[in-house]
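Visitor: Take a look at the letters that make up each chain.
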Amino acid sequence: MNKDQLVERLAAVLGRENVIDAPDQLIVYECDGLTIDRNVPHAVVYPTTTEDVAAVVRILHEARIPFVARGAGTGLSGGSLPPDGGVMIALTKMNRIVEVDFRNQRALVEAGVVNLHLSKETGKQGYHFVPDPSSQYACTIGGNIAENSGGPHTLKYGVTTNHTLGVEVVLPDGRITWFGGKAEDAVGYDLRGLLIGSEGMLGIVTRAWVKLTRLPQAWRTFLVVFDQVEDASRAVAGVVARGIVPSALEMIDRVAIGAIEAAYHFGFPLDAEAVLIIELEGHEAGLDTQAGAVAEVCRENRARDIRTAEDDKERALLWMSRKRAFGAMGRLSPSYYVQDGVVPRTKIPDIMRVIQETAGKYELLIGNVFHAGDGNIHPCIAYDDRDEEQARKTVEASNEILRACVDLGGSITGEHGIGYEKVDLMPLIFNETDIEAMETVKTVFDEENLSNPGKMFPTNRSCIGCGTAELKYTNRQAALL
Amino acid sequence: MPDEVLHSRLGSLVDGYGPATPEALASHAVEGVVPSAVVAPGSVESLAATVQMASELGYAVIPRGGGTRMDFGLPPSRADIVVSLERLNRIVAHEPADQTATVEAGITMAGLQAGLGKRGQYLPLDPPHGDAGTLGGVLATNASGVLRTSFGTARDLVIGARVVQADGTVVRSGGQVVKNVAGYDLNKMYIGSLGTLGILAEVNLKLQPLPAAGRLLIGTMAGIGEAAECAFRIMDSEVMPSFLEVASPATRALLTGEADHDFAVVAGMIGTDETVDWQAGECERLFRDSGTDAVIHVDGDGYDRVLEALRAYPGGGLLPPGMGPGVTCRAGVTPDGVEALFRLANEGCRRLSIGCGLLSHFASGHVAFVFYRDGTFRDSDYDGLASLIEDLRSASEEQGAFVVEHAPAALKERVGVWGSTRGNRHIMEMLKNRFDPKGTLNPGRFVDGI
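Top to bottom, those sequences are chains A and B. Residues in the first sequence are numbered from 1 upward in steps of one, following our numbering. Residues in the second sequence are numbered from 1 upward in steps of one, following our numbering.
These are computed hints drawn from the structure, not numbers from a lab. Treat the hints with care, since some could be wrong.
Said to hold, decoys possible - Short, incomplete list of chain B residues facing chain A, as computed with Cβ under 8 Å:
| no. | residue |
| --- | --- |
| 1 | Ala97 |
| 2 | Val171 |
| 3 | Arg172 |
| 4 | Gly175 |
| 5 | Leu186 |
| 6 | Gly225 |
| 7 | Glu229 |
| 8 | Phe232 |
| 9 | Trp278 |
| 10 | Thr334 |
| 11 | Ser364 |
| 12 | Ala395 |
| 13 | Gln399 |
| 14 | Gly400 |
| 15 | Arg422 |
| 16 | Ile427 |
As the list claims (entries may be wrong) - Computed footprint of chain B on chain A, listed as stretches where at least three residues anywhere in the stretch have a Cβ under 8 Å from a Cβ of chain B:
| no. | stretch |
| --- | --- |
| 17 | 100-106 |
| 18 | 141-153 |
| 19 | 157-164 |
| 20 | 177-191 |
| 21 | 276-285 |
| 22 | 370-384 |
| 23 | 423-434 |
Glycine included, every Cβ here is placed at the ideal spot set by N, Cα and C.
Given the sequences, and given the hints that come with them, work out the whole structure.
Guide: Okay, here's the thing in structure tokens:
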């Protein structure tokens, strides 16, 4: 089947208006939030129903054409980077909240529903959908499921997999099935749990039953100011060690504070080395006692100032500033590269030292805005994409930081996924047997390797265990030139 | 293969191994299938070597933890070597400041909680058979208890694992950190797989600080309709209880000592004294709004006692004197499906003149059924029980699932165990075939005879 025939067959199913194949239109889809890896898809289709998705997948399966599902394209690891010669299945037109069942505290949504829309829709009745990635005003719940997304408030309440009851899936051969459903405890292997976070490689999620959670009665939001990063890092570990589980515990360092303040004028202290945003949620009764304990830990760790968000408006502005921090980093340099790693939370002081040293060694500006409470770092490296040397240093510095995460007992991704970006870093944390087990799962679902191929698994298999794992620089270099 | 070969191989792989007596082997029979050997490896490496040998020589392996749930599932199609994890019982690492621990799967739940408690933490997972049962057994069966309302099930608490695969290789999934999306989430697949894809040998856990205070309120309700309405009212309130149970009269009698025809709603709160006080006050108001004045507050030793009963009951462990052993089942439906199952079970049991204990972890839609009579069930009871189970299963499967957990073999033969895998049988069979092509691990016991 040549390209024209393919487009014709897809258009016959979806209508011509739901199939894009003009080169000038396809260029929009060449990458997601990881902009340095690019690949133009063969065509982009916009199904509006599960049956449409299944019909498209059957055509592609029959013709052995690879495909990738895409939500809002906000992913940061190239998870929806189109495969060579592949078709992109965009789910943004499947954006209906099908059913909100407040009584049972769950909702049925299509994959293309924007994360924040569900919380807005249910907020009036006192409920929300917990996972709140920083891109939540744009990203889709289908994308959240593919990546098992987190967000600041997942510290207390868990990530996407903990809030997803069941998923309707179009398997890579076009069959439609449900893993889990509206009720919990489906019998057999937990295919639901296996699919969530599988980065679109085991099938395409078209609808999902997700949990709705009661909004807390009260909260306290603090901005705590430190003169030393080290002190802020110790305060994070101190709060957790005290047995307090904040709903969010975020750190922002001086570089990022400068960028955010310039963009959003919240009133962050520009001379601080680090600030923590600490949010406590729960019942009004007892919250101030807990707040007192948090303040004590911060003061023990030489906090300079502890400010409290006065009202909902100030709290909202504080969170808006935090969640759009990466965008603000764009003010510092022509390009920036956001990393995602994890360390045990007690190792935050260690990894912050490594990041500072790495920035010095490579003469790079690195800002940090991250989920300190669960050890999930996001160093954001500012660089000039026209400067090849700087681009190379950026990737090398990233590698060094991620290696340090692994050496400290952590992981190479906490919420952005392996995607295309980190395939060759997988050997840092998994050996060949571990990866083979994952590949076995892949073959059960997708024998032909059609659903989002080229992701997750290392490209250079001879390299496994030889310790030379690194981010895919050659592709980068080509993209950057 | 003669048994001498098996014994000599096991002797070389597992220190301290010796052939078991016929009586010991008989006591390790699984649903009537008697093994040829019982072995307890002392390390993950020795466990792996044992499984590798079994795989190479074509023996079937039956993993065993505390032995409390060995009758769960279908009878094995083969059972040669029972591999006990009892010696793999160490807490390998506990990092209180990270709220994580690494433990061997053969540790008993009681041993685990005691060990973690020394440093002020616990695993918020409280299934039936909690004391003698091992962590590995709980994970293999994905058993849960009242705390699932606030902390979820094992799949929400395990962050990493070392698993001995069917060919004896050791594979690692997940990691040591509480947030991690590297690779497929294989932990989920192994948990609840009844050891048919691999044997969980060591797991990394996400922990909670021990709460300062715990209290529960028991409200008495005239009927299941009122009880369910009350539970919905509490679910929709700002109380956010740590657990929320709906109990049938027989279960309630056990909790409060009053035997009559009333149902009960049990709401539990844990946390600091201040939040627990506020929640209890608010909860009491909600109970009264639901039309009951009979509300009991329980804390201190009483709290532990009632909680212990709530945990043990669904396992059939607390039947009235002279009763049992019971037939136990569980269903997973939505909360608004609980009432219908209670009615169906109560009416069915009245018709059959058998005892009926019901307990629902209401917000998660989990329902535990305990059916019993004086002495043991007889052949003449099976027709009635089978038809009751079929009715409950078909009502449950409209939304979710229904599993027979503990029943005489003859009854299981008639009604099966697992119920429907809902169009996913093919994928599950493929997973089993690829991960265990020789059928080494627990052959025949899982869904669809996998």
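Visitor: Taking the hints in turn, state whether each one holds.
Guide: Do the hints match the structure? See the list:
| no. | hint | result |
| --- | --- | --- |
| 1 | Ala97 | holds (4 Å) |
| 2 | Val171 | holds (5 Å) |
| 3 | Arg172 | holds (5 Å) |
| 4 | Gly175 | holds (5 Å) |
| 5 | Leu186 | holds (6 Å) |
| 6 | Gly225 | violated (14 Å) |
| 7 | Glu229 | violated (11 Å) |
| 8 | Phe232 | holds (6 Å) |
| 9 | Trp278 | holds (4 Å) |
| 10 | Thr334 | holds (5 Å) |
| 11 | Ser364 | holds (5 Å) |
| 12 | Ala395 | violated (12 Å) |
| 13 | Gln399 | holds (5 Å) |
| 14 | Gly400 | holds (3 Å) |
| 15 | Arg422 | holds (7 Å) |
| 16 | Ile427 | holds (6 Å) |
| 17 | 100-106 | holds (count 6) |
| 18 | 141-153 | holds (count 3) |
| 19 | 157-164 | holds (count 4) |
| 20 | 177-191 | holds (count 14) |
| 21 | 276-285 | holds (count 4) |
| 22 | 370-384 | holds (count 4) |
| 23 | 423-434 | holds (count 6) |
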